[in-house]
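J.: Can you build the whole structure from these sequences, using the hints too?
Chains as they are written, first to last, in the working numbering: chain A, 1 to 212; chain B, 1 to 468.
Hints listed in this document are in silico derivations from the structure and should not be mistaken for laboratory results.
Please note: incorrect hints may appear among the correct ones.
[Said to hold, decoys possible] Quick list of in silico lysine-lysine cross-link-like pairs, PhoX-like style, CA-CA up to 20 angstroms:
1. K317/B to K133/A
2. K164/B to K176/A
3. K163/B to K176/A
4. K76/B to K56/A
5. K396/B to K368/B
6. K51/B to K197/A
7. K326/B to K65/A
8. K3/A to K176/A
Bear in mind the structure is a predicted one, so any value in this text is a computation, not a measurement.
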Amino acid sequence: MEKFVSREGLVAPLDRANVDTDAIIPKQFLKSILRTGYGPNLFDEWRYLDQGEPGKDNSKRPLNKEFVLNQPRYQGAQILLARENFGCGSSREHAPWALLQYGFQAVIAPSFADIFYNNSFKNGLLLIKLDAKTVDRLFKESEASPGYRLAIDLDQQTISTPGGEHFSFEIDPFRKHCLKNGLDEIGLTLEHADAIKAFEAARRETRPWLFN
Amino acid sequence: MAAQTLYDKLWQDHLVHEDKDGTGLIYIDRHLVHEVTSPQAYEGLKLAKRKVWRISSIVATADHNTPTKDWDKGIKDPVSRLQVETLDANIKESGSLSYFPFRHERQGIVHVIGPENGATLPGMTVVCGDSHTSTHGAFGCLAFGIGTSEVEHVMATQCLTQKKTKAMQVVVEGNVGAGVGAKDIALAIIGRIGTAGGTGYSIEFAGSAIRALSMEGRMTLCNMAIEAGARAGMVAVDDATIDYVKGRPLAPTGALWDRAVAYWRTLKSDDGAEFDSVVTLDAAAIQPQVTWGTSPQMVTSIDGCVPDPAKESDPVKREGIERALKYMDLKPNTPIVEIKPDKVFIGSCTNSRIEDLRAAAAIARGRKVAPNIKLALVVPGSGLVKRQAEQEGLDKIFIEAGFEWREPGCSMCLGMNDDQLSPGERCASTSNRNFEGRQGAGGRTHLVSPVMAAAAAVTGHFVDARTL
Ligand code: SF4
Chain A
1 MEKFVSREGL
11 VAPLDRANVD
21 TDAIIPKQFL
31 KSILRTGYGP
41 NLFDEWRYLD
51 QGEPGKDNSK
61 RPLNKEFVLN
71 QPRYQGAQIL
81 LARENFGCGS
91 SREHAPWALL
101 QYGFQAVIAP
111 SFADIFYNNS
121 FKNGLLLIKL
131 DAKTVDRLFK
141 ESEASPGYRL
151 AIDLDQQTIS
161 TPGGEHFSFE
171 IDPFRKHCLK
181 NGLDEIGLTL
191 EHADAIKAFE
201 AARRETRPWL
211 FN
Chain B
1 MAAQTLYDKL
11 WQDHLVHEDK
21 DGTGLIYIDR
31 HLVHEVTSPQ
41 AYEGLKLAKR
51 KVWRISSIVA
61 TADHNTPTKD
71 WDKGIKDPVS
81 RLQVETLDAN
91 IKESGSLSYF
101 PFRHERQGIV
111 HVIGPENGAT
121 LPGMTVVCGD
131 SHTSTHGAFG
141 CLAFGIGTSE
151 VEHVMATQCL
161 TQKKTKAMQV
171 VVEGNVGAGV
181 GAKDIALAII
191 GRIGTAGGTG
201 YSIEFAGSAI
211 RALSMEGRMT
221 LCNMAIEAGA
231 RAGMVAVDDA
241 TIDYVKGRPL
251 APTGALWDRA
261 VAYWRTLKSD
271 DGAEFDSVVT
281 LDAAAIQPQV
291 TWGTSPQMVT
301 SIDGCVPDPA
311 KESDPVKREG
321 IERALKYMDL
331 KPNTPIVEIK
341 PDKVFIGSCT
351 NSRIEDLRAA
361 AAIARGRKVA
371 PNIKLALVVP
381 GSGLVKRQAE
391 QEGLDKIFIE
401 AGFEWREPGC
411 SMCLGMNDDQ
421 LSPGERCAST
431 SNRNFEGRQG
441 AGGRTHLVSP
451 VMAAAAAVTG
461 HFVDARTL
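T.: Structure representation (structure tokens):
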């Protein structure tokens, strides 16, 4: 996983609640056995006017000009601003893959669905929870001022607006540590390999029916 | 010791290690694997030169991509075929306790085959790269869906790092009337607490209406816990649980069985255990449910109407309703009974078990699918369910009524295979998600119970199945 570097980035506001992972990356793209190649199909049904299929040349497809990510002012956006319960639904990790591969490095919303939250951090996508009122303000500001950028400082756990305001956010220390150092969680868990083996051996005695 | 919730007990029983900040390393007993979320995990494992920690924890099947007819012709779509063949190859190479590949007689939806083969046993931690893993909580398990990185993590370490969730108790007391089932209870709960109402919680379903549910019904209910945003859903172990498990191929026997049962009997919340949140519903007040929008919380009773956004004061919610009605092509205040589906889908890990098919067949018996219904599909959850239904003659009832009787799989629940809605088509579906495009781009989904789906099929519109 890539290290997360604190930085500033252009903000794209996606103004709807309960954006589900089917919308983030539709099912037909889940047939791939690869980890890459999902960026062009992020929000496929909203982004294009025709139906997307794996293998289709996305550069030739008609774009839905109304969709926020297709508007010229949001090209190159790295921070997605979203509403409550972002990432609900299916457990597909293809959703954070698609967001990252499109170019997003962080998503800001009032709340995120549980599995999506886990999956995102495991891939280096930073999810920032801010209260609904603050998010609403950021929506208004970003829509009102083209080129609106936010600076994210992971160390300090703050977001800074162009107007010089700072908002702090919470993040679990372990997730922060992994994100900053691009750490492989499996390697970290395997540091406990002896404890796992001992637990397993004891379990074979107390719950033998689980070990056929 | 302080009184514990079922969730506390399950957590404690699997805790390998706990960090100072409360992050736990928990041991995973059962890992269910399917073709869509596993290839990248196996690839990651190989790249890191790691091996599966405990092969006997893995039970696998191919279900999401597989066709539901013309099985002799194989899988037409080359991309789907490659994914299924990749699973075959990965299981062959790295091993499993059981594998039910495409066309195997016990193949089926991962959340149907787990319990029916005894791969899901009370007190287990059960994970799968699929959000509806919460289904297995019906057995007093701690069961939840994970992403592909976590699939790889469990393969490599037999563990997951997790923070404990809060515990919610949803109590449903009283009797639901005849013709009202687990699906209606599930939708009514989601209608009450919302799709984010369970976020940060594991839910234990309790109360006399839950105790009265069969294991199939409890699975339906726990299946939908994820649609309420919860990490997991669960029901305490009782006689129904133990009777269901007994004699399943992977269940213990003899002296081990007795030992297991003695332990399983302890899998319930202690009297006086405290929950972080308690929600209570009156079972008698639950009517058959139908969703009208693009989120499972957008739900009402069969005697209700499509809501009017003008009456919603919260602007974000109002906009959500307007957007949903536009997508669903519904007018405010339309009575639900006037909505006419184009297709009917009876299946998915929510409602494709034998009891679901029996209930739907009871409505279909001696009736005909209405002329405005273009397709009425019945897709059993597994090969075993299919054969059982055929022994009971349910297939004939469906076929005579004009339903199509298919091979098992996920099918139109998510439309990764050929079973899809076309743009604009409306479907009465027994599945669990009515998101935009879920059943096919532009498709419109109304979630209902099996009896309500069958009733919509034979009348051509939504109708209270109890009046037929
Ligand atoms: S039936 Fe639907 S919800 Fe269930 S596992 Fe298959 S795709 Fe997922």
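J.: Can the restraint linking K76/B and K56/A be considered satisfied, given a maximum Cα separation of 20 angstroms?
T.: holds (18 angstroms)
J.: For a C-alpha distance cap of 20 angstroms, please report whether K317/B and K133/A respect it.
T.: Within the cut-off at roughly 15 angstroms; holds.
J.: Between the alpha carbons of K396/B and K368/B, is the straight-line distance 20 angstroms or under?
T.: Cα-Cα ~12 angstroms, so holds.
J.: Against the 20 angstroms threshold, does the CA-CA distance of K164/B and K176/A hold or violate the hint?
T.: At roughly 18 angstroms apart (the allowed maximum being 20 angstroms), K176/A and K164/B satisfy the hint.
J.: Would you check the hint for K326/B and K65/A, treating anything up to 20 angstroms between C-alpha atoms as holding?
T.: holds (19 angstroms)
J.: Is the straight-line distance between the alpha-carbon of K3/A and that of K176/A 20 angstroms or less?
T.: Between K3/A and K176/A the Cα gap is close to 10 angstroms, so the pair holds against 20 angstroms.
J.: Does K197/A sit within 20 angstroms of K51/B, going by the straight-line distance between their CA atoms?
T.: holds (15 angstroms)
J.: Just to be careful, I want the Cα atoms of K163/B and K176/A compared with a cutoff of 20 angstroms; is the pair within it?
T.: holds (15 angstroms)
Every hint, counting from the list given before, is met by this structure.
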